[in-house]
Each structure stands twice: as C-alpha cells, then as structure tokens.
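**Q** From just these sequences and the hints, can you work out the full model?
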Amino acid sequence: AGVATIHGYGISKKIIHIADEAQIINTGIFFIMQSCTCWLQMRLDVLALIVLLCVTLVPTFMPTLIDPGYVGLAIVYAFELNQLMKHMARMGAQVEQQFNAVDRVLDYSNTIEAEAPWQAAGDLKLPAKWPLAGHVRFTDVTMRYRPGLEPALKSISFEVKAGEKIGVCGRTGSGCT
1 AGVATIHGYG
11 ISKKIIHIAD
21 EAQIINTGIF
31 FIMQSCTCWL
41 QMRLDVLALI
51 VLLCVTLVPT
61 FMPTLIDPGY
71 VGLAIVYAFE
81 LNQLMKHMAR
91 MGAQVEQQFN
101 AVDRVLDYSN
111 TIEAEAPWQA
121 AGDLKLPAKW
131 PLAGHVRFTD
141 VTMRYRPGLE
151 PALKSISFEV
161 KAGEKIGVCG
171 RTGSGCT
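Under UniProt numbering, the residue at position 162 of the sequence shown is numbered 162, and the numbers go up by one with no gaps.
Be aware that one or more of the hints could be misleading.
What the hints assert, rightly or not - Computed cross-link-like contacts, BS3-like style, restricted to lysine-lysine with a CA-CA straight-line distance of at most 30 Å:
| id | residue 1 | residue 2 |
| --- | --- | --- |
| 1 | K125 | K161 |
| 2 | K165 | K154 |
| 3 | K165 | K125 |
| 4 | K129 | K161 |
| 5 | K154 | K125 |
| 6 | K165 | K129 |
Hints were generated in silico from the structure; no laboratory data involved.
**A** In structure tokens form, the structure reads like this:
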C-alpha cells in the first residue's frame, strides 16, 4: 500500500527528500544530546576526582587522624561515588523525558472538551421491544461538518428497509466510511 502508492503517484524523490530532511534533524538532535551527556559526565568525573583527592590527601598530611582501614574504605566509596552520580544523572534525565508523556496526557485531559456521556439522558431511553421493525428512515435531514460551514447534506429523505443493502459513495476524504 505505502510503496505502491508512492510509486504510483511518482513522488519517490519527494518522499526520499522528506525522509532525508527528517533524518538530518534527528541526527542533529541526537548529536546535541550526546554532547550534553559527555559534558555532564566530564563534570561529574572532575567532581569525583576532587572528592577522591580530598579523601587521599587528608590522611597523607594528618596520618594519625584516621585509621588506615577507614582511609581504604573511603577511597573505595569515592570511586563508587563517581558511578553513582553518573547513574543518578542518567536516571533523572530519563524520568524527566518520561514525564513529558504524563504532561501531554494532563494537558489533553484539562484542555480538550469532554465527550457526551456514554448513557443517554433519562428521557431518551429506548422502548423495551426496540426495534420493532428493521428499517431506518431519514426525513428532511440536513447535516454539516461543523457550525459555520455549508451543509454537506441538504434536506435528504430516504428509507432503508429490512434486508436492503446500500452503498454510500463520495470523494476521498468526504467521510463515506
């Protein structure tokens, strides 16, 4: 369907151009994201090295202040601190990205008008034995796609009897389905 339609309309070059442009934009955004990640990881490495430097210099200049076993443990934890900070930064960024979807859902739920209720109002209940006959009748029906537009149907009247098969024809995009 997709490729056949593209070839049928002879727009292969146009579609390839559109795909190339989208790929260029995507690659640019990916490069910026990778650059930001590298920038942040370098800063976190520098911060971890400063902590490690402090952990190793304090016992060097004050050997009697801290037990050597604690110094070794502090050095191990200083190395782990670097990995922990990188992991926390990555998880924080991922949480922020995932909350974009939540933000969209909240935006749609607060700004888009709600649909009509699923159940009809009390005075619109159907008769107990409905339908009594298998036919549909439209009498003098006028419909438009939205207020302010010309009517798509003007004073249409017709009846479809039980067992009849009908077809609705119209141009592409007219809503025949």
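**Q** Which hints, by number, does the structure contradict?
**A** Violated: none.
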